[in-house]
Amino acid sequence: MIRQFGLPEALAILSGVQATILLSLIAFVGGGVVGLAVALMRTSERTWLQRCAGFYIDFFQGTPLLMQLFLVFYGLPVLGYKVNPWIAVAIGFTLHASAFLGEIWRGSIQAVPRGQTEAAYALGLSYASRMRNVVLPQAMRISVAPTVGFMVQLIKGTSLAAIIGFVELSRAAQIIASATYKPLLAYGCAAIVYFVLCFPLSRLSMRLEKRFAVKT
Amino acid sequence: MTYQFDFSVLLPYWEQLLRGCWLTILLSAISISAGLTIGILTALAKRSRFTTARIAAGTYVEIIRNTPFLVQVFFIFFGLPALGISFQPWSAAILALSLNCGAFSAEVIRGGIDAIARGQYEAGTALGLKPLQIFRHIVLKPALRIIFPALSGQFVLTLLTTSIVSSISAEELTSIAQSIDTLTFRSFEIYIVATILYLTMSFGFATLFKLIDRVYFSYPVK
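Top to bottom, those sequences are chains A and B.
Quick note on the UniProt record's numbering: the first sequence kicks off at 1 and runs consecutively.
Quick note on the UniProt record's numbering: the second sequence kicks off at 1 and runs consecutively.
Worth double-checking, as some hints may not be accurate.
[Claimed, not checked] To give an idea of the interface, some chain B residues facing chain A are shown, with a C-beta separation under 8 Å as derived from the structure:
no. : residue
1   : L160
2   : Y191
3   : Y198
4   : Y219
Hints were generated in silico from the structure; no laboratory data involved.
All values reported here derive from a predicted model rather than from experimental measurement.
All C-beta atoms in this analysis are idealised placements derived from N, C-alpha and C, irrespective of residue type, glycine included.
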């Protein structure tokens with residue numbers, strides 16, 4: 001018995017959006033915390049810290065997100081951790097996001113004029129105070145536009161969780177597509193939902209970028 | 001940790017893995033070439049005098065940029081046959097990757113073309129160059145020179161994106177790794193190897209693009 005594609009099916013796809021949004025938020029928050037550490041390491045004065053962070057970033061930017069997810073998904077059980085899919089994908093996306101956010105924020109930190117750091121130095125501020133009160137607030141302003149842009153990447157990226165069987169928007173569409181034999185409608189619906197999520201963010205990122213470009 | 005790593009079980013499959021790398025490189029090269037062409041045409045359409053061309057190009061770019069590649073490839077491979085348009089996995093993969101790469105490069109290329117000063121075109125016209133000549137020598141090449149680093153980053157991303165077409169069973173490195181996984185049950189090892197292979201390929205691509213940049217786009221202009 002083939003199910004018809006009606007309102008309940010469209011709603012079933014729509015309900016997948018909760019997991020997509022939640023996963024994106026977890027990845028963004030987790031990635032933000034780790035990413036800040038990566039950015040600070042990358043801009044540190046200690047060469048070995050710089051190198052470690054550089055390697056970390058190169059690894060995540062030079063391998064497919066799908067492989068990163070596979071490694072976490074199959075790697076955690078091997079290392080002796082039995083985790084549920086939520087935790088596995090959350091870890092995978094957090095690591096992924098941290099490398100990209102780390103690189104974006106490194107750029108922003110380095111875009112803060114050198115004189116600012118030197119002035120803070122001359123005032124005898126400690127590293128923590130220099131970063132927290134002088135450099136990071138300015139870097140944050142520079143980084144807003146690319147960070148919002150990366151959020152779009154991240155939301156789209158969460159679709160790959162579907163490949164390892166995690167039920168979110170794409171997987172929900174896949175399930176409905178095979179139950180109703182209406183793949184065009186099902187994937188069309190999913191595409192529209194993603195578009196509604198991502199398009200405003202893309203626009204926002206573009207507007208912020210323009211606004212910042214005018215100010216400098 | 002009690003797990004014993006065993007990479008030796010993968011040895012008999014080295015030829016398949018190498019074939020996977022080759023297919024991934026081939027898939028990327030075809031999609032990048034097609035994507036670059038689509039990108040240039042789309043960037044031109046976005047600056048066209050005709051409103052329809054501008055709207056069509058803008059819609060295409062926004063749709064591709066704001067939906068996940070996975071959904072795009074599913075839509076093309078599973079969805080379009082409902083309209084009587086069906087593809088082999090590899091053709092669907094190439095189509096999806098080219099359209100994706102095209103939309104992202106269009107934005108980058110448009111930025112480059114916008115950076116060419118108006119006076120340059122006028123100088124070209126004053127020298128009696130034909131529109132196509134102006135486009136090729138005065139607009140395209142200098143624009144490509146400006147944006148080449150950004151564009152090559154985009155191309156490396158296309159290489160990494162090819163791994164997703166394994167989900168429509170198009171044959172490339174990831175799908176081959178998956179089939180070796182089902183034969184050996186050594187998931188962690190095979191994906192470590194595949195990851196290292198991808199890392200090597202993306203560094204290879206990045207180096208190649210740097211070389212092209214140095215030879216073809218560096219001053220003095222030959």
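Worksheet entry | Restraint satisfaction for Y219/B [CB to CB of chain A, less than 8 Å] | violated, 26 Å
Fill in: Interface hint outcome for Y198/B [beta carbon to chain A under 8 Å]
holds, 5 Å
Practice prompt. May I ask you to test the interface hint for L160/B with respect to chain A, counting a Cβ-Cβ separation under 8 Å as satisfied?
Written response: Hint holds; L160/B Cβ to chain A Cβ min 4 Å, cut 8 Å.
Practice prompt. Double-check Y191/B for me: the hint is only fine if its C-beta lies closer than 8 Å to a C-beta in chain A.
Written response: holds, 4 Å
Hint compliance for this structure: hint 4 alone is broken.
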